Every structure is written in C-alpha cells, then in structure tokens.
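Q: Listed in order, the protein sequences are those of chains B and Y. For our numbering, add 111 to where a residue sits in the first sequence, where the first one is 1. For our numbering, add 111 to where a residue sits in the second sequence, where the first one is 1.
Treat the hints as calculated values from the structure; they're not laboratory data. If you're wondering where the values come from, they're calculated on a predicted model, not measured in any experiment. A hint or two may mislead.
Identical copies look the same in the list; a pair holds intra-copy or inter-copy alike.
[Claimed, not checked] Here are the simulated SDA-like pairs of lysine to any residue, each with C-alpha atoms no more than 20 Å apart in a straight line:
id : residue 1 : residue 2
1  : K122      : P355
2  : K153      : Q165
3  : K122      : M168
4  : K122      : D352
5  : K384      : Q218
6  : K153      : Y166
7  : K153      : L389
8  : K122      : S169
9  : K122      : L358
10 : K390      : Q478
11 : K419      : D312
12 : K122      : P351
13 : K122      : V253
14 : K122      : F354
15 : K419      : D383
16 : K153      : A174
17 : K153      : R393
18 : K122      : H463
19 : K390      : D189
Number of protein chains: 2
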Amino acid sequence: MAFSERVTRLKSSLIREILAAAQRPGVMSFAGGLPAEAMLPKVDWADMPVGMGQYGMSEGEPALREALAAEARALGVDCQASQVLVVSGSQQALDLAAKLYIDQGTQILLEAPTYLAALQIFQLFGADCLALPMQADGPDLVELRDRLQRHRPAFIYLIPTFQNPSGLRYSEAKRDAVAALLDEFGVTLIEDEPYRELSFDGGSAQPIVSRLRNASWIYTGTVSKTLLPGLRVGYLIASPDLFPHLLRLKQAADLHTNRVGQWQVLQWLGSDKLQLHLKTLRDYYRTRRDAFQVALETHFADLADWHKPDGGLFFWLTLKQPLDTRTLLAEALAVDVAFMPGEPFFPDPDRHHGHLRLNFSHVAPGQLDEGLRRLAQVVRNAQAAQV
Amino acid sequence: MAFSERVTRLKSSLIREILAAAQRPGVMSFAGGLPAEAMLPKVDWADMPVGMGQYGMSEGEPALREALAAEARALGVDCQASQVLVVSGSQQALDLAAKLYIDQGTQILLEAPTYLAALQIFQLFGADCLALPMQADGPDLVELRDRLQRHRPAFIYLIPTFQNPSGLRYSEAKRDAVAALLDEFGVTLIEDEPYRELSFDGGSAQPIVSRLRNASWIYTGTVSKTLLPGLRVGYLIASPDLFPHLLRLKQAADLHTNRVGQWQVLQWLGSDKLQLHLKTLRDYYRTRRDAFQVALETHFADLADWHKPDGGLFFWLTLKQPLDTRTLLAEALAVDVAFMPGEPFFPDPDRHHGHLRLNFSHVAPGQLDEGLRRLAQVVRNAQAAQV
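Chain B with its partners taken away, still in its complex shape:
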C-alpha cells in the first residue's frame, strides 16, 4: 500500500470518538460546538427557482457575493463582491488556504491554543506550526514580533473574536498592533470569524483585516453559527492578489458550493427576520452562559480558573493542579459526561496539560448542575490518585 506521505500525518480519531460517544443516549455533552437544536430557524423553500438545481459559478451566486461584501464593508472591510468566494463551510476556506501556502515544512503562526480542525488541516499539509502565546486581550506582542522576525511565516491564522477554544476577544489596541506588525513584515493574515455575531454585550471591534495597509489577507465566515450549519455555506473574502488562486483551488476541490443552500442564505442576509433571529439566539445563549457560570462556580471554583466569555459557545478552564485531561475522558464517559480535553488545541499538546473546553449551549439547564458535578468529581478523583 503506497499512500502519500501526508497521510501519515492524519490525526488519530480522538475527537471523532468523543463526539460519537457524546451522541449516546443519556450522555450530557459539553464536548461539541453545535448550535442549540431549539434555535434552528424554520426555513421556507417554496419560492426557490428550479434553476438553482443547475450547475453554478465556482465563485458563488452573484447576489450572495454582493450581499456578503456589503456586510463586510459595514464591518469596515474595504472589499468588493469580486473578492468574495462562497465555500462549503468555513472549514473549506482553511483547506484552500492550506493548498495555497503549505508545503512540507512551511512555517505558519497560530494562536496557542487554536481551533482544532485548523490545526488538523494545516498539519495534514505538512506545516511546521509555530505557537503564539496569548494574553487576556490578544497575542503577546513581544512574542509576535519575535516570531515574525525570526521565522517569516507563510501566514498567521487568528480567531480574534470569541476565540475557539479560549473564548477570548482581542482589544482594539491589540488589533491595531497586530495589523501594524503584519504590514511591517509583509505576512499574510487569515482571520477566522465564525462567532462574531454571537456577542452577549453588544458589538465587537472591527476585523483586523480592515486595519491592514499592504499585507495580503483572507477573511472567513460562515452561517453555521447563526443560521443553519447543515446548509454548508461559508465564505471567504480575500485581498485581490490572492483571490484568483483561491478561486481555481475551489474549482478543483468541488467545482462550486451547493446553490440550494446559497439561495436560502440569500433569503436571510440583511433581512429583519435575521436580525430578530440573532437577537433571540443571543438572548438564549446569554442565559445559558449565565447558568453555566453559576454551576461552574458551585463545582469548579476550587479546581480551575476561567474567564466568563462575552460571546461564542465555550468556557475554557485551566486546572489549578494541571494533569493530562485526555486521561479523564474514559472516566467522564463512564458517568455519562463528555467534554473536550484541551491538549489537542495546541501544536505541542504534551506541553499544555490542564485545560478543558466546555460548551455551554447544548446541555439543558435542568441537567447542567448534575453534569458539572460529575465532571468535577472525575477531576478530583484523578488529582487524588496523582498525589
């Protein structure tokens, strides 16, 4: 059997196994990042033209590209519809970016921790992933300058708004400073914003790509967290120098994004019904976040530290007494609780023990307290055994 060299880097299925176990009836799952089922909007298909069944353009539906460009401009991103590429979920934007930039050994720069599935696809293509240490308001700027200077990475991948998994949001000042450094060193920015709309305290600062003067950039978003993930509709907006390459890579990957989903998204973008839906969604998630905070204080106050997130879907816990949280999984699942160990969110997992990512949107409030009580007990048992 002669597979490609890249296949040796396909990650083990730990995460798939967790998510599969989380589907078992009776399991209280803090593991996934799924929108709440009750919050999926009812959508109407009756008016969709038959022509949406025909092959479409690799770029995406023209009207949808216009609408997405208008939304981005409203956020301060100077762009035209011609820079918008509709993709099959924002994960595909990462696949295309990996193809565009990564050869085996190519150095790239990532937040530590960072989004698991980004790490997975970048490593699959052979990237040498450099970790950028984070502070409460964004990257450590001294470390960022150091890495840009020493390594000249092919790109930097950032999730500045309600980061997955840490939940943190960059300050205005850090956004400006990051943009200035990337301009200074001419390093491409990939800015991933799936959670921007899930803000519980009003607006968030403008995207970093809107602050760049000359560095190349890719800004990517999705309707998966706001509308319907099952549509598989995301998008990227790229600086004009990158767009033609990304378009050809999209065409080679799957010709074009499904038009049925694109049509549905277009029915919502910019509409009052979307604004109303987002308000309902934010209220719902905010309430769940608050209940989660209370339950955490009850069961984890002596075990872990955390910041209450102002948006997104996750709490990120740091154990006061670190241990490899992957070793807690079997025990937790044995008492019908699923969670996401923190180690796989780092390029160098074995140097980052002691974090847990907990989703607060999925488990019903009535089960929450019991679920966290059991999880805390699992941690206590493991720590007692360690001593």
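Starting from the known structure of chain B, arrange chain Y on it as the hints suggest.
A: The following block gives chain Y in isolation, referenced to the frame of chain B:
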C-alpha cells in the same frame, strides 16, 4: 509572496474562459457538459425536517448511505453502507483520492484522453500522469500490462462507461481483463461513473470494481447528471482498507456534505418517480444525439471521424487533417460558437492535436445546424491557411 510549490501547477484558466464566453447571449455552446435546463426535475422541500439544518455526520446521512449501497449492490458491487462516503460532488472524491495517494512525482495511470478536471486536481498535487492508449472497446491491454509492470502506479483512474470526453464504453471482456491485471499487480482502481444512467441502448456492463478480487478500489458517482447538479451531492464507495482514511480527509476538507441536498436525493433514490424521470431524460438526450449525428454528417463528414456515442453527453471528433484546436477558439467565438478543444484532455497536450469535444445536449435543435456549419467553416479556414 511565498505560495506553496503546488500553486505553480495551477492550470491556466483556458477552460474557465471558454465556459464564460459560452455564457454570452447569442453564443451557441457545444463546450459545457450541463444537463439540459428543461430537464431539471421540479423538487419539493415542504416535508424536510428542521433537523436537517443541524451539523451532520462526516460520513453522510445514514439512510442515504444505505440507499446508495443498495444501488451499488444491484450493479454487482459487493459493499455495505459503512463503505459509502457522501461527498460534495464527485469532483471532491478526486480531491480526497489525490490527498490520499499523491506526493510530488507520484506516478498514476490515466486514460488518454481523460476527464479534464481529474487531470487538473491530480497534477495540482504533483502527480506524474502516465497516459494509457485507448481502443474502441477500452484500454490497450498490452500497453496497460507494460505500464503496470514498469511503473507500479499509485492508482489507475478510469471512466469505463461513456467516457468524458471520448464517449467510449468498455466491453465486458476488457472490464474483466483490466480487473485481472489490477489484481495481478495490486494497483488501486478509481472508477468514475457519472454517466452510467445516461445510456441510450439499455444497460451497460457491471462496474470494474465489482470484478476485483484483492486490489483496493474507489467507486464514485453523482446525482449531477441524473437529478440536480446544484445540490452538490456525490458519493464514493471504497474498499474497507481505504475508507477510514478517506473519511478523515473528508472531515478535514469541509466537515460534511450539505444535508439539505442529501435529504432531497433520498426522496428520489429507488423511487418510481426517479425511474420515470430517467426515462424522460434518456429519451430527450437520445433525440438530441440523433439530431446531432445528422448535422455532423452534413457538415463534418469530410473533416473528421467519430463514433456515435451510446450514452453520455459528448461527441469526440478526430480531424482528418490534425491541427492545434486551441487555435480555433478565438475564430469560433467570433462567430458565436463555443466548443472544447481536445488538447487539454491529455497529460501531454502538444502531442495530441486535432480533437474536438462537442456537447450535444445543450444547443436547441433549431440552432444546431447553423452552429455546426459555422464551426466546420472555422476548421476549413484554418486548414486552408495551414497549407
């Protein structure tokens, strides 16, 4: 700008330019491979459950996988639902296969000519594409044995039923012989069958993968030619040794295929309404094929040779007096006719002058004669200028 090495292999946009030009009002296009607009079935969405909007499984919808496996078993392919992976169009199956097998310089074996977009993605990943000469009933078996023996390619990619672009269909004997050779040398088969259902003379022989005893295989299909390409729903079925790798590659590429399209496909698979639709479709395309044959005889009898295809969407013309057909494009478009030059369908285009791929399903019968008359005149002018 430091792109990956692979980006230097991104093909020029000749084909995109042809297809874009073909969209111009007034252009008679023989270039594309689009299903006839009039033949897109009206689909109903009213009964789709809200839950289809949620994230789904990377493998695909369980009921759809069952239905696709049952269809494949009916064709003689011994498989289970657990071997079925739903993908975002069969082009994605090729992207995943490329990731699984191709490093820079990896040798693979392809029909000459072969499907343009397959060549594109395999070359993007750096494949060294070996060309397999074809005869009217399938590959030249002496040449096949020779290449398997000398090169041990990572896989062979075949389109045995109404091949794109040549329209040819392998005989029963050739299918058996190809399977036996692949078993003998242990070379993986990727068998692509988008056109199987578009048969104008009744059934076609069983897939080659159903004849393998021990070689690994990937069988891929799509609903794009039979139902609706805009759904972007295709599938692959793989031997059990390959499936887990392909599944993880799918997950890394775009998490999962859109569920809305999957749900719609499930409403049709195995139904009487699909059988009725396919019959209508075959009758429609057969009539267009026959009209095309008549018009070709009028205008091209002295210029080219061809076989009347028994299925699929294309005629493949071989000029009696070869020339680089890419040089005819500007002239043809100037008289509002688009076609697909044959050269890009070969790994070594400059050694294969003198073929044209003509789609017979798109141009309305009333325009057909004038379109082919103009195209023949373009060929005559070029040949006269050559002398």
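Q: Indicate, hint by hint, whether the structure satisfies it.
A: Hint check:
1. K122 - P355: Answer is between; shortest inter-copy Cα gap is 11 Å, intra-copy 31 Å.
2. K153 - Q165: between (25 Å within a copy, 12 Å between copies)
3. K122 - M168: Cα proximity of K122 and M168: across copies only (18 Å, versus 33 Å in one copy).
4. K122 - D352: between (32 Å within a copy, 17 Å between copies)
5. K384 - Q218: The answer is neither: 44 Å in one copy and 54 Å across copies each exceed 20 Å.
6. K153 - Y166: Result: close only across copies, 15 Å inter versus 26 Å intra.
7. K153 - L389: This pair counts as within: shortest intra-copy Cα distance 13 Å, inter-copy 32 Å.
8. K122 - S169: between (30 Å within a copy, 15 Å between copies)
9. K122 - L358: between (28 Å within a copy, 12 Å between copies)
10. K390 - Q478: neither (25 Å within a copy, 54 Å between copies)
11. K419 - D312: within (12 Å within a copy, 67 Å between copies)
12. K122 - P351: This pair counts as between: shortest inter-copy Cα distance 19 Å, intra-copy 33 Å.
13. K122 - V253: neither (32 Å within a copy, 41 Å between copies)
14. K122 - F354: Classified as between: cross-chain Cα gap 15 Å, same-chain 30 Å, threshold 20 Å.
15. K419 - D383: neither (30 Å within a copy, 56 Å between copies)
16. K153 - A174: Neither. Shortest intra-copy (22 Å) and inter-copy (23 Å) distances fail the 20 Å Cα cut-off.
17. K153 - R393: within (17 Å within a copy, 37 Å between copies)
18. K122 - H463: within (18 Å within a copy, 43 Å between copies)
19. K390 - D189: For K390 and D189, the Cα distance exceeds 20 Å both inside one copy (27 Å) and across copies (51 Å).
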